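Quick note, the sequences are listed as chains Z and L, same order.
Residue numbering for the first sequence is 1 to 166, as defined by the numbering used here.
Residue numbering for the second sequence is 1001 to 1889, as defined by the numbering used here.
The set of hints was computed from the structure by calculation and includes no laboratory data.
Keep in mind that this is a model prediction, so the values were computed, not measured.
Incorrect hints may appear among the rest.
Incomplete in silico selection of chain Z near chain L, CB under 7 angstroms [as the list claims (entries may be wrong)]:
| id | residue |
| --- | --- |
| 1 | Gly37 |
| 2 | Thr40 |
| 3 | Pro55 |
| 4 | Ala56 |
| 5 | Val57 |
| 6 | Leu59 |
| 7 | Ser63 |
| 8 | Phe64 |
Anything over 10 angstroms on all C-beta distances counts as not near chain Z; from chain L, calculated [said to hold, decoys possible]:
| id | residue |
| --- | --- |
| 9 | Gly1196 |
| 10 | Tyr1233 |
| 11 | Ala1298 |
What follows is a list of derived Cβ distance ranges for each label pair [to be verified]:
| id | chain 1 | residue 1 | chain 2 | residue 2 | range |
| --- | --- | --- | --- | --- | --- |
| 12 | Z | Gly5 | L | Tyr1784 | 47 to 57 angstroms |
| 13 | Z | Cys115 | L | Asp1482 | 57 to 67 angstroms |
| 14 | L | Ser1212 | Z | Lys75 | 30 to 40 angstroms |
| 15 | L | Gly1200 | Z | Gly5 | 30 to 40 angstroms |
Every residue, glycine too, gets a C-beta built ideally from N, C-alpha and C.
Here's the letter readout for the chains.
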Amino acid sequence: MAFSGTERRRAEEIVARYPQSRSATLPLLFLVQDRDGWVTPQGIEDVADFLGLTPAVVLGTCSFYTMFKLSPVGKLVVSVCTNVSCLVNGGPQLHEHLRREYARSDDVFIEEVECLAACDRAPALQINYDFHGPLTGEQAVDLIERHRSGELTARTISGTATGGEV
Amino acid sequence: MSTDAVRMSQWPSEQPYVIPVAPGPDVATVTIDGKEVQVPRGELLIKVAQDHGTYIPRFCWHERMKPVGMCRMCLVEVEGMRGLQISCATPVTDGMVVHTQSPGVKAAQDGVLEFLLVNHPLDCPVCDRGGECPLQDQTLAFGPGESRFVEEKRHFEKPIPISETVLLDRERCIQCGRCTRFASEIAGDALIHFGGRGSGTEVMTYPDEPFSSYFAGNTVQICPVGALTASPYRFRARPWDLDSVETSCQQCAVGCRGALESTSNRLVRLLGVDLDPVNQGWLCDRGRYAYEWVHSDARVVTPRLAREGGLAEATWPQALDAAAEALRRARDEHGPDAIGVLGGARGTNEDAYAWARLAKGVLRTDNVDAQLDDGLPAEVVLGLPRASIDDLDRAAAIVIVGSDPKETLPVLYLRIRAAAEAGVPVVDVSTHDNGCTPFAACSLRHRPGEVATPVAALAEVLGGRTTGSDADRLAALVADRDGPVVVVLGRPSLAEPATAAVHAAALLAAVPAVRFLPALHRGNVHGALDLGLAPGLLPGRVTLDAGRAHVGAVWGGVPAARGLDARGILAAAADGRIRTLVLLGCDPLTDFPDRPLVERALAAVGTVVVVGAFADAAGGHADVVLPTTVWGEQDGSGTNLEGRVQRLARKVTPGGAAMEAWRIAGELAARLGVDFDLELTAEVQDEIARVAPAFAGVDAAVLRRARDGVVLPLVDHADEIAWGPAPLGAGVSWEPIPAGADAEPVPADAEAAATPTGPPAPPVALWEWRGPAEPAPTVPVDAYALRVVAARTLYGADRAVLESPSLAAFAPRDAVLLVSRTDRDRIGVADGDRVRVTSARATVELPVVADARIPQGVAFLPANRAGAGIGDLVDPDAAVTDLRVETLR
Ligand code: SF4
Ligand code: SF4
Ligand code: FES
Ligand code: FES
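Here chain Z stands alone, though its shape is the one from the complex:
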């Protein structure tokens, strides 16, 4: 398949920023993650192809970073902190609550993460990398639902701004 059209131009722009083309691996992975909704095998192969790397190198690099999703995650990635400050302020309970709530959801993905550097707002979470907190379980569900319904606009699952309010 490989990149074509605007996607190709965008990829070329990204590569042009670096003295060595392989440095563009991560930004290009974000590009395909936004394109496909997750980093698909096709996305890996496109990036490898475009940069002249093997898919093994691209996949290996990609799998180091938790912001790349190697399986479908839907439209909203909710990252709930359970590290020390959040731990003592109910982070694990918040995580558990959301996990149950969205267990069967295809478009909301709940994940547990280490300190988000938002300890002052513990228990904190991110929705597509925007900070929220402190939140109770109900407040969090409400917030997620407002994103789901389109009332609030989030970034993409790669954290790319979409142009609307942040």
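Since chain Z is already given, all that's left is putting chain L with the ligands on it; use the hints.
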């Protein structure tokens, strides 16, 4: 066990390998554990310590790869620097004071090992590495005595295959990155990489894209734990039961050095040995695993004679008498020209010499050829100025003409790749994209049969007579670069005569800076040609006429005139002019491109004498079979493509009654009334040194003592010889094993013993060839046809591969036609569909597959495949072979 005891076994400190360094601006004085040494400034600390007898433990650092500092095992204390330093990434500076065993260092080593062992399973008893494991050894020497880790260790499914021959036990991996770095840095096949992070980090391939590298086996050798194991060796032996000798691989003409290991008289492993001028520790997988064929059940190990109903076992005297009688009758009744000898490129130098003497000196036939019409004329190979492999690193440019070293000379390909990475421009002249194309600075493409066209332009540029923009680009590549231009010269295609390649050679030979590495692939083909197994030549790179007096004086005479080459011999045999044909360790039915001619010849010859390891070498036509010992079963020497003569060693006792081919030649000579008076391998070597001009001075004593072998002719290379055994202890498989474990120490009066009066010059001037050469005819292109390129691939239906189960399991066997996507679509078929292929000679059916490397109008046919293929389609007299391809519908 004390630290010192382990150090001793790995690094005998009484006899450190000291590289003398004279003081100067590039020299640093460093104090290591109180000992002051002079070392090259900027060299890595771990390396200078090692060179001066101090072993700093390490896992990730490997002498032949760039340092990464991943394992932290090599920490040392450097006075004046804060904290501990990793010695594998610390360059030495003048006045540095280093402590490798201070309490701080010991505590750090303890800690590093404790962390490594957190996740490492304690399954040494069922691990191939157990007993030769760096993690075991270093834990014992430098680690904590006990573990404080009581938690559950991580578990993975074990082992998982990551290639056809490599298995990965992820639990055992210590993430040193040696394997992944080898794959990308050395082999250029970055098919394995680390995936995940933290304690979840694992070596992985891309799903469905296995680590199918020709060099994958090297990762198993350098892995410092048992995480990577090789399926051919897995669970076959324990290291302490292995017995090992140093020898050279003979699967191709690179002659990589290796440690050949056996247990209970069975070969079980070949490890790469670090011969600096040749393989630098690496092997290709064909070489690594092809020892298996030595134990093939298909081998013949007792003499056979044709009787009614087939071959029957015979005694040696019966078989030798029959063979001698057939040779005598042919000579006496029809003249020496009624005898032909084919092959010899798979034996030792001693075999080649004795057979040259028997054929040319005793029988006086010059119908002798070690090449099977699949190489280049011997006069050209021997007469061109020769490059050494090391010249690649200091070359102004490397030009690859008519060969794909990755397929035929794999470790030479690694050396070329390394030179290219270091900045030497590579020019790849070929009909299609090949192994060297990805790193070539410039690729010149030509139509099949027309290699001389781009080469003529290139020779103009190299000779300084440039014109045009392409030429300017080329000229810019080599401008300001000193050094030789190394031309790797092969036969571009087996679907065309050697004419165009010879013409190309002549054009390049006219350029003063050009030196050649002939890309003939068969193991000891250079030894065979150097020792006279080619028409018109005598042992030692001299022609019949030039060597007549010198060689004739020992032999009692040489043939009157130049004889026939392999094709001539087979054609004469088919016409009934050859009465007795000897097949010397060759398989003409698979090795000779024109198989129908071989079949006619074998059917027509009166007596076929097979001297080799397989009775069916002559199809059903063998009359006498004289079984020979093979590589691994016999001592001797071999010559690689740069003309380096190296020791070959016997590791296992041959089964049955097999005998060295040189001894068989002596037995036959005796029956024909000539006593060779050769009883020992060393005696043959001494006679070669006396008789063969290019081998002047290269006698048994020199061969035994020269650590890295000797490059011919000795006079030109005497100062490159390293005498005596390797100063470092050998046998640590994961470190580069230093070459020369088998070299004999030089006696006290070394100088006198080794070279009494300096290296002797050849008594006869060696043959030189610079042309002239006929240009090959240009055949107009037929727009509806595909022009064939036929060449070997590393794995195929070759004897050594088919008889080595581990390789045979995945080697492709059947011919396919590779074409460009455009041509495949034009034919109108899908990949793998069979099509009808018609040449001027025959029509066959073959599957067709599109391949991005093949340009339009060209069809690539792998030459070493069973079944229909080049043997049927190619007319060896035609300048090129064009194919019409039709669908079967
Ligand atoms: S598999 Fe072996 S060589 Fe590769 S990273 Fe792990 S320990 Fe190192
Ligand atoms: S490159 Fe040739 S000599 Fe070296 S290991 Fe491979 S087959 Fe053997
Ligand atoms: S501990 Fe949760 S944001 Fe820092
Ligand atoms: S050997 Fe120095 S960090 Fe591994």
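Tested hints:
Taking 7 angstroms as the C-beta contact cut-off toward chain L, the hint placing Z/Gly37 at the interface is violated, the least distance being around 19 angstroms. About 12 angstroms separates the beta-carbon of Z/Thr40 from the nearest beta-carbon of chain L, more than 7 angstroms, and the hint is not met. Because the smallest distance between the Cβ of Z/Pro55 and any Cβ of chain L comes to about 4 angstroms, under 7 angstroms, the interface hint for this residue holds. With a least beta-carbon distance of about 4 angstroms to chain L, the hint placing Z/Ala56 at the interface is held under the 7 angstroms criterion.
Among the interface hints, the one on Z/Val57 holds; its C-beta lies about 5 angstroms from the nearest C-beta in chain L, closer than the 7 angstroms criterion. Because the beta carbon of Z/Leu59 sits about 5 angstroms from the nearest beta carbon in chain L, less than 7 angstroms, this interface hint is met. About 4 angstroms separates the beta-carbon of Z/Ser63 from the nearest beta-carbon of chain L, less than 7 angstroms, and the hint is met. At about 5 angstroms, the closest approach between the beta carbon of Z/Phe64 and any beta carbon in chain L falls short of 7 angstroms, and the interface hint on this residue holds.
The Cβ of L/Gly1196 does not lie farther than 10 angstroms from every Cβ of chain Z; its closest approach is about 5 angstroms, which violates its non-interface assignment. The claim that L/Tyr1233 lies off the interface holds: its Cβ sits roughly 25 angstroms from the closest Cβ of chain Z, which is beyond the 10 angstroms cut-off. Every Cβ of chain Z is farther than 10 angstroms from the Cβ of L/Ala1298; the closest lies at roughly 38 angstroms, confirming the non-interface assignment. Take Z/Gly5 and L/Tyr1784: their Cβ atoms lie about 37 angstroms apart, and the range 47 to 57 angstroms is violated.
Hint check: Z/Cys115 to L/Asp1482, Cβ distance near 58 angstroms, so the stated range 57 to 67 angstroms holds. Hint check: L/Ser1212 to Z/Lys75, Cβ distance near 39 angstroms, so the stated range 30 to 40 angstroms holds. With their beta carbons about 37 angstroms apart, L/Gly1200 and Z/Gly5 fall inside the hinted range of 30 to 40 angstroms.
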